[in-house]
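Each chain is listed here by its residues.
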Amino acid sequence: MIIGFTIAQTIVACAVGVLCVVLGLAGRKPNDLTVLALLGVEVLLVAQVVVAIAAPAVGNAPTGNPVEFWIYLVCALLIPPLAIVWALVERTRWSNVVLGAAAFAVAVMVWRMEQIWSVQLA
Amino acid sequence: MSASSRQRPSGVGRVLVAVYAILAIAALGRSVFQIVDRFDEAPIAFSLSAVAALVYVVATLALGLGWDRIAWITVSFELAGVLLVGGISLLAPALLGLDDANPFGREATVWSAFGAGYLFIPLALPVLGIFWLRHRARAGVVA
Numbered sequence: 000m001i002i003g004f005t006i007a008q009t010i011v012a013c014a015v016g017v018l019c020v021v022l023g024l025a026g027r028k029p030n031d032l033t034v035l036a037l038l039g040v041e042v043l044l045v046a047q048v049v050v051a052i053a054a055p056a057v058g059n060a061p062t063g064n065p066v067e068f069w070i071y072l073v074c075a076l077l078i079p080p081l082a083i084v085w086a087l088v089e090r091t092r093w094s095n096v097v098l099g100a101a102a103f104a105v106a107v108m109v110w111r112m113e114q115i116w117s118v119q120l121a
Numbered sequence: 000m001s002a003s004s005r006q007r008p009s010g011v012g013r014v015l016v017a018v019y020a021i022l023a024i025a026a027l028g029r030s031v032f033q034i035v036d037r038f039d040e041a042p043i044a045f046s047l048s049a050v051a052a053l054v055y056v057v058a059t060l061a062l063g064l065g066w067d068r069i070a071w072i073t074v075s076f077e078l079a080g081v082l083l084v085g086g087i088s089l090l091a092p093a094l095l096g097l098d099d100a101n102p103f104g105r106e107a108t109v110w111s112a113f114g115a116g117y118l119f120i121p122l123a124l125p126v127l128g129i130f131w132l133r134h135r136a137r138a139g140v141v142a
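Chains as they are written, first to last, in numbering that gives the first Met the number 0: chain A, 0 to 121; chain B, 0 to 142.
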């Protein structure tokens with residue numbers, strides 16, 4: 000992984016999380032802004048897949064367990080689409096909060112992926 | 000706009016279900032990996048981790064589909080689990096076959112140190128779940 004990209008991705012995911020939760024609590028229903036924002040988080044995750052495949056070839060291999068890393072990445076990839084489907088099916092303010100929760104979950108998982116990739120405590 | 004106020008409780012419940020679903024995915028993914036990769040290191044802790052993950056999956060379904068009795072059982076089980084296993088993981092980690100109580104370590108489970116590795120969400124969710132089930136029972140909503 001590339002630490003700068005990870006940090007950017009985490010910041011974006013947290014910002015989207017705050018945006019969606021605030022709009023949801025303010026009573027807004029899901030709209031293009033919130034759905035596309037979470038879609039952006041998903042696009043960054045897909046970019047992360049490319050990075051994770053390409054990085055070992057240029058000497059940036061994971062120091063942790065690659066299987067563990069990929070379980071996190073695949074799980075993270077599943078979360079935004081499920082939340083977006085949810086938001087499209089159930090068009091209430093709370094679906095925006097769900098979109099936000101999904102974004103926060105992705106932020107945590109990306110940070111954990113960085114730890115698996117580059118920080119080994121044991 | 001004003002008509003949506005009636006939907007509000009069920010809407011909040013939806014958020015609860017969504018967060019449960021995320022936790023179920025996180026716990027299931029981790030426990031599958033730990034069991035496949037390093038089951039011998041802490042068999043008791045990893046078995047508990049798998050049980051916890053499966054219970055989260057059932058709780059998610061029960062809350063989402065309105066199976067209230069099963070929701071009560073699973074949510075109560077989780078609260079007991081996070082308190083009991085969380086307490087043991089801090090006070091006597093050896094009982095669970097853990098080398099240390101680090102909630103972020105390689106042997107950490109969803110319940111270690113009261114769910115600290117998961118931002119204490121495993122501790123907060125069952126409490127919120129019980130509030131939600133009580134609220135719904137009192138409101139007399141049949142899902």
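Hints were generated in silico from the structure; no laboratory data involved.
Note that the coordinates shown come from a computational prediction; the quantities given were computed from them, not determined experimentally.
Heads up, the beta-carbon is just placed ideally off N, CA and C, and yes, glycines get one too.
Hints are supplied without guarantee of correctness; some may be wrong.
Said to hold, decoys possible - Pair by pair, the computed Cβ-Cβ distance ranges are:
| hint | chain 1 | residue 1 | chain 2 | residue 2 | range |
| --- | --- | --- | --- | --- | --- |
| 1 | A | L32 | B | R37 | 42 to 50 Å |
| 2 | A | L35 | B | P42 | 42 to 50 Å |
| 3 | A | I2 | B | F38 | 31 to 39 Å |
| 4 | B | F130 | A | V45 | 34 to 42 Å |
| 5 | B | G65 | A | G26 | 36 to 44 Å |
| 6 | A | N64 | B | G96 | 18 to 26 Å |
| 7 | A | R90 | B | F38 | 19 to 27 Å |
| 8 | B | F76 | A | V57 | 26 to 34 Å |
Unchecked claim - Output of the computed footprint for chain A on chain B, the stretches with three or more beta carbons under 8 Å from beta carbons of chain A:
| hint | region |
| --- | --- |
| 9 | 13 to 24 |
| 10 | 128 to 138 |
What the hints assert, rightly or not - So the derived list for chain B, only partly shown, Cβ under 10 Å to chain A, looks like this:
| hint | residue |
| --- | --- |
| 11 | G10 |
| 12 | L118 |
| 13 | F119 |
Hint check:
1. Distance hint for A:L32 and B:R37: a CB-CB separation of about 44 Å, consistent with the stated range 42 to 50 Å.
2. The hinted window of 42 to 50 Å between A:L35 and B:P42 holds, with their beta carbons roughly 46 Å apart.
3. Between A:I2 and B:F38 the beta carbons are some 32 Å apart, a value that agrees with the proposed interval 31 to 39 Å.
4. Look at B:F130 against A:V45: about 38 Å separates their beta carbons, and that is inside 34 to 42 Å.
5. In this structure the hint that B:G65 and A:G26 lie 36 to 44 Å apart at CB is violated, the actual value being about 25 Å.
6. Look at A:N64 against B:G96: about 20 Å separates their beta carbons, and that is inside 18 to 26 Å.
7. Distance hint for A:R90 and B:F38: a CB-CB separation of about 44 Å, inconsistent with the stated range 19 to 27 Å.
8. For B:F76 and A:V57, the Cβ-Cβ distance of about 48 Å falls outside the hinted range of 26 to 34 Å, so the restraint is violated.
9. A stretch counts as covered by a chain when three or more of its residues have a beta carbon under 8 Å from one of that chain; for the region 13 to 24 of chain B and chain A the count is 7, and the coverage holds.
10. Counting residues of the region 128 to 138 of chain B whose CB lies closer than 8 Å to any CB of chain A gives 0, which falls below the minimum of 3, so the coverage claim is violated.
11. Among the interface hints, the one on B:G10 holds; its C-beta lies about 4 Å from the nearest C-beta in chain A, closer than the 10 Å criterion.
12. Because the beta carbon of B:L118 sits about 7 Å from the nearest beta carbon in chain A, less than 10 Å, this interface hint is met.
13. For B:F119, the interface hint is violated, since its Cβ never comes within 10 Å of a Cβ in chain A; the closest pair sits about 12 Å apart.
In this structure, the hints that do not hold are numbers 5, 7, 8, 10, 13, in rising order.
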